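**Student:** Chain by chain, the residues run as shown.
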Amino acid sequence: MTLSRVLKMAALATALTGTAGLASANDYHIGVTVPSADHGWTAGLMWWAQQATDELSEKYPDVSFTVLSANSGTAQVSNVEDLMIRNLDALVILPYNPATLQSVISEAYEEGIYTVVVDRELETPAQDVFLAGDNPGLGEQAARYIADELGGEGNILVLEGPPIPINSQRVDAFNRVMGEYSGINILASQNTDWNPQQALSVTEDLLGSNPQVDAIWAGDDDVLVAALQAIEENDRDDIQLVVGGGGSQRVIEMIRDDHPLVKGTVTYPPNMIASAIALAVHGVKGERLGDMYHGIPSRVILAADLITADNVEEFYEPDATY
Amino acid sequence: MNQSQNTKPAAALVIQGLRKIPLNASILAPLVALILLFAVSSLASEYFLNARNISNVLRQVSYTGIIAIGMTFVIIAGGIDLSVGSMVALVGVIVLYVVNTISDPVQAVILAMLAAIMAGALFGLFNGLMVTRGRIAAFVVTLASMSIFRSLALYFTDAAEVSTRNPIFSNVGGGFFLSIPIPVWVFFGLAIVAHVLLFHTAYGRHVCAVGANPQVARYSGIRVERIVLSTFVIAGLCVGLSAIMLTSRLNSVSPSDAGYFYELDAIAAVVIGGTALSGGRGTVWGTVIGALILGIINNMLNLTGVSPYLQGLVKGAVILLAVLLQYKRTP
Chain A
1 MTLSRVLKMA ALATALTGTA GLASANDYHI GVTVPSADHG WTAGLMWWAQ QATDELSEKY
61 PDVSFTVLSA NSGTAQVSNV EDLMIRNLDA LVILPYNPAT LQSVISEAYE EGIYTVVVDR
121 ELETPAQDVF LAGDNPGLGE QAARYIADEL GGEGNILVLE GPPIPINSQR VDAFNRVMGE
181 YSGINILASQ NTDWNPQQAL SVTEDLLGSN PQVDAIWAGD DDVLVAALQA IEENDRDDIQ
241 LVVGGGGSQR VIEMIRDDHP LVKGTVTYPP NMIASAIALA VHGVKGERLG DMYHGIPSRV
301 ILAADLITAD NVEEFYEPDA TY
Chain B
1001 MNQSQNTKPA AALVIQGLRK IPLNASILAP LVALILLFAV SSLASEYFLN ARNISNVLRQ
1061 VSYTGIIAIG MTFVIIAGGI DLSVGSMVAL VGVIVLYVVN TISDPVQAVI LAMLAAIMAG
1121 ALFGLFNGLM VTRGRIAAFV VTLASMSIFR SLALYFTDAA EVSTRNPIFS NVGGGFFLSI
1181 PIPVWVFFGL AIVAHVLLFH TAYGRHVCAV GANPQVARYS GIRVERIVLS TFVIAGLCVG
1241 LSAIMLTSRL NSVSPSDAGY FYELDAIAAV VIGGTALSGG RGTVWGTVIG ALILGIINNM
1301 LNLTGVSPYL QGLVKGAVIL LAVLLQYKRT P
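Order-wise, the sequence lines are chains A and B. FYI, in our numbering the residues of the first sequence are 1 to 322. FYI, in our numbering the residues of the second sequence are 1001 to 1331.
Everything labelled a hint here was simulated from the structure, so no lab data went into it. Computed from a prediction, not measured in an experiment: that's the story for all the values here. Just so it is clear, CB atoms sit at the ideal spot from N, CA and C, and this is done for glycine as well. Be aware that a few hints might be false.
As a list, the in silico SDA-like pairs of lysine to any residue whose alpha-carbon atoms are at most 20 Å apart [as the list claims (entries may be wrong)]: (1) A:K263 / A:D305; (2) B:K1315 / A:A303; (3) B:K1315 / A:A37; (4) B:K1315 / B:I1102; (5) B:K1315 / A:N71; (6) A:K263 / A:V300; (7) A:K263 / A:P297; (8) A:K263 / A:Q240.
Beyond 10 Å from chain A on every Cβ pair, some chain B residues (computed) [to be verified]: (9) Y1047; (10) N1053; (11) L1114; (12) F1126; (13) V1172; (14) G1174; (15) G1175; (16) I1192; (17) F1199; (18) R1226; (19) N1251; (20) V1253; (21) S1256; (22) A1258; (23) L1277; (24) N1302.
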C-alpha cells in the first residue's frame, strides 16, 4: 500500500521534472519574475511574459528563458535566489514591493547579471535599465479627457487603488489637472484596492450617497467594469461617462463596440514586461536598439496613451488576458 | 506502538497511550518523502545540489520553519494560530522602528531584537489569554488577531515599506556563520531546544496530554489553561525570532506583504510532519522535515521552471500525498 503511494509520488515528481527538463542550456539564460496573477493587470503581465518569451526564444535560438511568479515579496526574493543559481545572464523583474526586493536585486546586479527593473523603482538603483509606464501621465490623460467630454463642468467620483506610490502618482496628477477646471467637482475619492469585488461595494456606497454624478474615473479597468455593474444595478441614468486606466481588452472591446458610457481609457500596458524582456535580450548581448548611437537607455518610460473610438484598433489584442 | 512512561503516577494514566516513540510511522513517512524528494530534485536539476542552492533553500525554509516549530506546540495542545503571518508583519514593523530610532547601530540592533522577542511573546500572550480567559475558540481568536495585527502594521506605516540605513542590521539575517546562513542556525538550534522541551520535560508531556484530552488532563492535576496559554506564547516568541531574521535579511519590512500566508505554510509544515491537527501528538522533527519538504518543492519548481500556473497544484498535491502517506500508516 505504502510502496504504491511512494511510487505514485515518484511518478508525479518525474513527470513534472520531465516536462521542465526540455529547457536546456543556451548561450544566454534570462530569468523573469513577476507578481502572480492576483488581479487582471498582473494576469495580463504573466500572459505577456509568456507570450514574449515564446516569441523571442523562437526568434533568438541562443537565448533561453525561465518565467516565475510570486504571491508575495518574500516569495519573490526566493525566486531571484533560485534563478541566480542557474547561471543567469539577465534578470527581468517587476518587483512585488521594491524595498523587500532591494537587497536581492542588488546582489544580482553586483554579480554582473544584466538587470532590468520594471514598473516599480528601487530606492537605491541597482539595475541596467528601468522601464515603466507613465503613472502621472495616466492620471493627466484621464482628467483632460473627462473634463473635455463634460465640457469642463460636472460631478466626478474617483475610484482609487491601494495606498501605494503608483496610485498616488496617478491620483495626484488627476487632481492637479482637474484643479484647472473650476466647474469640475470631485465628490469623493475612495480606495478600491484595484479589486473588483471591493470596487463594486465602494461604488454602490458612493452612488447611494451622491444623487447627481456625471462621470466616474476608475484608476484600473477591472474596477471600471465593477463600477459599471453598480451603475446598472442602481438604474442610474445621471452618469454620462466612465473612464478607466490600464487598457484591458475587455474595456477596449467596449470602446470598440460603442458602449454608451465607456468611451475612453488610458493605457498602463501590462505588455511593458514584454518590452522589458526584449530589452534584456539585446542588452545582455551588448546590442543597440535600431540605429541608435548608444547602448540600451538606462530609463525607458512608456507613454500613457488615451484610447478612444478613433484609435481603438491599434490596441485590440483579442487573445490577451488583459 | 504505544508506550507508557511511568514517571508520575497521576499523569501516567493520561500519558499512557498518548505518547509515542519519536521514530514511529508518523515520523518515518515524512522522512521517506523528504529523502525521495531530495533524490528526485537532484536528478531533475543539475543545480539542485549546488552548495549555494542548498544554503538558499535552507534559508528560505527557516523563516516559516521557525514559526512552524512554535505552531507545533499550539497544534499539539489542541489549538491553532492563524495570526502568525500578520504577527510577523507587526513585529517586523516594530523591529524597523527600533532600529531606525536608536542612533548607535549596535545598540539599535540589540534592542530591536529584544523588542521583537518581547512583542512576539506579548502578542502570543494576547492570543492565549483570549483563548483561555475569554473562552473563545483558538481558530476564532487568531482569525480576529490576524486581522488586527495586519491592520496595526499597515496603520503604523501608512502601508509603506520601511527600510533602514543601519549598517549592521542586515548582517543578522543576511549573515553567515561557518558558511551557513544565520537564520538556518537559528532554525536548527530552535528545533533542538523545542525537541528537548517537548520530549524530555514534564512540560512537553503536559502539552501532549492537554491536546489529547483536556478533561482527563485537568483531572490528573495539569493546569490546562496555563499550558494552552504557554503554547501561544511560544508561538509568539518564534514569530519574534522569525521576524528578526526576515526583516534583517531584507533590510526592510513591507507591512502588507511580510509574513503573507506564513500561517498556511507553517500549518502545512506541521501537518506534513505528522502532527495531528486534532492535537495530542506530534513531533518537532516532523515539523522540521515538513518545512524542508515545502521548501524543496518550491525550490525545485523554480529551478526546473515548471509553469507558474501549475506550481500551486504541485505544492497542493505533494502536501496531500505526504499526509495520505502517513495517515494510512496510523489508522
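**Student:** With reference to the structure, classify each hint as holding or not holding.
**Tutor:** We went through each hint and held it up to the structure:
1. A:K263 / A:D305: holds, 14 Å
2. B:K1315 / A:A303: Violated, at about 40 Å.
3. B:K1315 / A:A37: The hint holds at about 17 Å.
4. B:K1315 / B:I1102: violated, 42 Å
5. B:K1315 / A:N71: holds, 14 Å
6. A:K263 / A:V300: Roughly 29 Å between the alpha carbons, so the hint for A:K263 and A:V300 is violated.
7. A:K263 / A:P297: violated, 35 Å
8. A:K263 / A:Q240: Holds, at about 10 Å.
9. Y1047: violated, 5 Å
10. N1053: Violated: least Cβ distance 4 Å, not greater than 10 Å.
11. L1114: Correct as stated: the minimum Cβ-Cβ distance to chain A is 24 Å, above 10 Å.
12. F1126: holds, 25 Å
13. V1172: Non-interface label on B:V1172 holds, nearest chain A Cβ at 13 Å vs cutoff 10 Å.
14. G1174: violated, 7 Å
15. G1175: At about 12 Å from chain A, B:G1175 clears the 10 Å cut-off, so the statement holds.
16. I1192: holds, 25 Å
17. F1199: holds, 25 Å
18. R1226: Holds, since 34 Å exceeds 10 Å.
19. N1251: violated, 5 Å
20. V1253: violated, 8 Å
21. S1256: violated, 8 Å
22. A1258: violated, 7 Å
23. L1277: holds, 20 Å
24. N1302: Violated: least Cβ distance 4 Å, not greater than 10 Å.
Checked against the numbered hints above, the structure breaks hints 2, 4, 6, 7, 9, 10, 14, 19, 20, 21, 22 and 24 and satisfies the rest.
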